[in-house]
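My request is simple: use the sequences and hints to build the entire structure.
As given, the protein sequences belong to chains A and B, one line each in that order.
Read in this note's numbering, the first sequence has 633 at position 631, and its numbers run on one by one without any break.
Read in this note's numbering, the second sequence has 357 at position 349, and its numbers run on one by one without any break.
Read the hints as simulated data drawn from the structure, not as lab findings.
Ideal placement from N, C-alpha and C gives every residue a C-beta, glycine not left out.
Treat the hints with care, as some may be off.
Stated by the list, open to error - A few chain B residues facing chain A, derived, Cβ under 8 angstroms: (1) Ile62; (2) Leu591; (3) Gly609; (4) Pro618; (5) Cys653.
In case you want the letters, here they are:
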Amino acid sequence: VSAMAESVMAESRRCNYFFLYDGSKVKGEGDPTRDGICYFYPEETPIDKQELLCGQLAGVGRCVSELSSSPVRILRLRRSKFAVRMRDDFFWALGCSMDVPTVSVCELLDQLISLFCFYNGSVRQSYQLNSREALAARWAQYLAHLQTGSTELHHVFSCLRTIDPTNIDPLLLLKAALILQACQRCPLVLAGCILFRGRVVSTQMPPDLTVKVMVHESETYKDQRLNGLSSSGSSGSAVSSTTVFLTVSDLQCLQSCPVEREFRSHSTPNKDSCPKKTRLSRTLSDTPSSDYEPSEPDSSQSPFSAQKVSFNPLLSGSDNSACSPSLSQTAADPPDTPLHSLKDPFLNGKISHEVEEEALQESYYHSFHSNGGGSSQIHIEGDSSTLEEMSHVNGQEGDGATADRERPGARGATLFDYRGGEPGNGGSHEDNAGSVNTGDQRAERGGIPPCSSLFDNPAEGPLVPMTLYQHRVKGLVLALLVEPHFQDDTAAMEEVYHSSLASLNGLEAHLRTITPGAGGPQGPYIFAHFDCLQNTLTTNLSGRPGGAQERSFVRATSLLHSHFCNTETLQEAIIRNAGAAVYGTRNVAQETYFLQHGGNVRNSGIPNHQDSAFSLPSKARHRLLKHGVNLL
Amino acid sequence: MKCLLIASESAEVLFHWTDPEFQQNVQEQYGASQEEGQGLPAFEDSINTLFAPIIISCSTMVDRLGDSYACFTTENNHTYVLHQFDECLYIAVNGDGEEGEDDLRRKIYVMKKMIDVLFGMVTLSSNLLRKELRPQDTEQRAQLWKRLQSLLETYSRLRENDQSFLVEAVERLIHPTLCEQCIEFLERRLVQQLNSSAERAGEEVLHAFILVHTKLLAFYSSRNASTLTTSDLLALIIMAQNMYPSNIELDDPSPEDVESTSGSGPEIFYTPEPSPTDRDSSSSDRPGRGGTPVFEFVDPDIQMAEDSLQTLEVPPPDPSTPCRVFLEVSLKEGLYPMMPHSMYCLPLWPGITLVLLTKIPNSGVAMSVYLFLEAFAKLEKRLSEGQEGSAVTRGSPPIHDFRNKLDKFIKALGPSDIQSSQLQNVWTDFKNRAFARGRPGFNRELIPWCKSMKMQLCGVYRQCFLTDTSGPADVPQRLSPSLQDRAQAMVQEKLMDWKDFLLVKSKRNITMVSYLEDFPGLIHFICVDRSTGQMIAPSLNITERATSELGKGPLAHFIKSKVWGLVSTTRRYLQKGYSTVTLRDGDFYFCYFLWFENETGYKLEAADLPILSDDSAPIGMLAWDYYRKLLRYYCKNHQGEVVKCYELLTVHLGVIPTEYILQHCRQLASKLWEPSRNPLL
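Set out below in structure tokens:
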């Protein structure tokens, strides 16, 4: 019986140090190093030690990057290692202990930086507009978020925390997916995800975006608990939204037709920053994209369409859709699709098989229409309007977003309660007209903005302001990435709110009754299964500090994972020491690690085909089938 | 783009080696201010300026954080590895992706090993070593650095091309009868004759061996000699190769050669039979002889001169002058590292070299110096730990014994030269502080005197063993040139009929063809006996003009790169305690096994191997003998038993079922090192 890696383990920090140092503040001979320290973690570190680390590492970093004409990426000391990013005059360093694989440290740093940019926009601009103290709180918050409840295995794989799919009715997952699809019918909605108590139930976004969205969720959850909102037994549900910043590639990934996504989101593996070059789906070509930004740490991500390789109920249908089959259909009847698909927006828990099928099919071409169709219309209508729109958005960002930032407690620019909204009383049928309107509106305004000129900081990559909309029903959160003007569009907002409210309530009620996976009998083996496309980890390893075999497993897994990351051609490996043998295998979509308890009675280490270590592959294949892991 | 730099703590460059690309890069960065043709000092200055901030930051980190840099990687995959030995900081850089972090660290350790072999205990005093590595005289410095640079280049060439330097174990030529004959010849005739000659000037030949390229044909140690460690032997082979490089890797096939060999393809798959009577036909066995100087030479001396012109711009002043090398000696009383020896490298023919290692007359001094140094180091350690008074001096040898011994030692040195009188003075000072009544005695304040005693002792050692050959007044201590000539002629005569065979044999020592029938699907293997430091592997002749079993050109190169990659991968796992590794990589299946046996071949059970840190010394036998330590570690639980350690690496085609692959491995493992010591052929 498998259980999702339960994060009972208290504060296992993978980060020892993290700092952001601004070299532009320390130019002159007399400038003290502390002037350059924008943020230092742990904050209680004595200032002279902070200065020592920042000054020395940044200095050496600059010297080395001059010698090699390239920024430093990894800086290792004898007892710790630092992942480094150097952009403009900024110097980020994140230090971990030696056990954490280097690839994972680099990944964590990139996640952290992109998380900051997601909520605050360009780093340089943020520091111009905000006080160091205010931003320090942000860094601390993001760092804490990325580290909370993670086990040692989570240090190795930077994975999403998801609900245990084996423990709940698959229909609930389907329902969650359908809610997201329903929301996407509003053309202003780019993509969404549903979270329950800090875990992903369903998402339409690539993993790195989902992680970012989750930060806001956990934050508002905390706020709510402080305000006592969730403690009240009434159907307290709240909607909030906040400005976020997407990279152009993120945006393209969300806006473009899935086929185009394939090309754009991953065509050019960012060799230096992304070790996961191997996430190629077999359907993908290697056509380089002109939109590729080498400077953006997180510009390469897993392609949506590749998720097809392993179907998982956690995926909602719209991501999963292949674009090609629906292309002809949409081409045939694009204008009436929204109306058509709104015929049965609610499937409140009573999903028959046919309905399910129908809904999925509908959503396939619907999602194509609302995303791809929209953007294709822009091209017809010309780019001038788009430019106008974007400059408007940018201007707005200056005051709107900063005002927003100055209230870190209540981040939502618009936080309001629909107390009156009763569960099941959505009434969105009446909103059909509104939906169509917004659809037109979006066609006029939306699309991929040619925003490279908008930000004066090309090194960070252009960032596009968007809005993160959240609708909370107790522990359940619907998070949607929407166009910025969604907030001003009351009709669209209400439509989204009402169309999802009843379903969210229902889903919440079901999820609440599910007891978290007790773990059950562990079985005579340990395994870890990492889905590289969705960034999810399935394992029967408890978060508690384990015995010798558990530790041995984690150690072997981290070594093998590094090896897999660095050697594209490596498919499987067995490694053994005196105590334990671990089998690792991977393909484009997944990595699996397996250890059999007690199978390794003392051996001499000499080659022997009867040795139990070499039967691990077949054992793993056999055993893991019941965990839904197919190694055949 | 490669570089290796040694710097002192004060950021003074003690040695540097750069490839042309790196040099160009530095010069470009240093800008147009650098004038053309300014040669060494100018370049030295610019490299110094560029690296100084890193070196200074490094010592700041050590001082204030107690931690130091181990490695930098940039986004374009340049790698910098840093390692500090005492007060010398070594920095190795690679910017072309040819060397990984582990390779660079290994290079640093090998450089350190070569410096140890060349300077012995002088390396124990940073002060003296600094002067030694960076002579004041520019020309002398240029000469020394050139020598070290060329050693480093030779090592890199061997590591990249020679399997025995890949796995760091000695490869023997597999020809038991000839090997036996040669050993007998070395013992009964050569060494005996040399050691009984009056022209040996007090030196005594301890070891004699014959190298064919890098492979060992015969090795003889005299009865009273201690064993030569694998680490030292490998270092000596590098030095011999540096003096008389074999040009195997240098000759590229010219178009004519390819044509001329096209007809004789299959022949190359078989190891040529020895043909002692018919020299001409044996050389025609080997296709493509046209451009190979190895087979075309007329006069060894002429050939030699050409070779040395190509690779050795600064030839030693007198070819009969031996090389001073410092090697480990294990005696009944204990282990003495860095004992002085003289090394004579006598070229027999291009590619074949006779090496003699002699014990020099005053080597007893080195032993005493080592014991005194050790005693002062212990004393210093105790004092710095805060111990005082009699607690410090307890233990063996008793302090008064020690004092008497040192008194006698200094007396025996004689007050004649400056160095020993300086030692005398410092020792008197020391005694006054430590032993005289009413004096502070043994406490922390004595530490500087310990240090200065150590330095003086190293100075005496330097005086005795590093400068004796350059003393103008003294007749150089060595086997007389005529004796060397005689030795050379004797072995030449003995091997005359075999030389062509040997040169071919050394390139195709054993071939995969012999194994194909028994092991279908096996592409390559390497088997290493770590207890003796010897290895066996089919030859991987990628520069051979003809097709080998691995095919021609790109394919052979590809397989070679896979083998090289496999070795470094398995080392990484071994470093983390994994003794068995199997990998399915592309179209190949790789296996690695390390195991222990006792003398009778009984397989001992696997033990938990130590888990080392990422920046630990490289796993191998050349620079730092990991396997010796591993054996010692393993033997703790097998007291009184002779334990042997073996390694097997195999490369199979991926389509072969794993079961068969493992069976192959088992068969190879049990057959290769059968008691007869003759690998199956």
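- Message: Does the closest beta carbon of chain A sit nearer than 8 angstroms to the beta carbon of Gly609/B?
- Response: Hint on Gly609/B: violated, closest Cβ of chain A at ~11 angstroms, above 8 angstroms.
- Message: Does the closest beta carbon of chain A sit nearer than 8 angstroms to the beta carbon of Leu591/B?
- Response: Constraint on Leu591/B satisfied, holds at 5 angstroms.
- Item | Pro618/B as chain A interface residue, shortest Cβ-Cβ below 8 angstroms | violated (11 angstroms)
- Message: Interface hint check: Cys653/B, Cβ to nearest Cβ on chain A, cutoff 8 angstroms. Holds or violated?
- Response: violated (10 angstroms)
- Ile62/B as chain A interface residue, shortest Cβ-Cβ below 8 angstroms: Status holds, d = 5 angstroms.
Against the hints set out earlier in the document, violations occur for numbers 3, 4 and 5.
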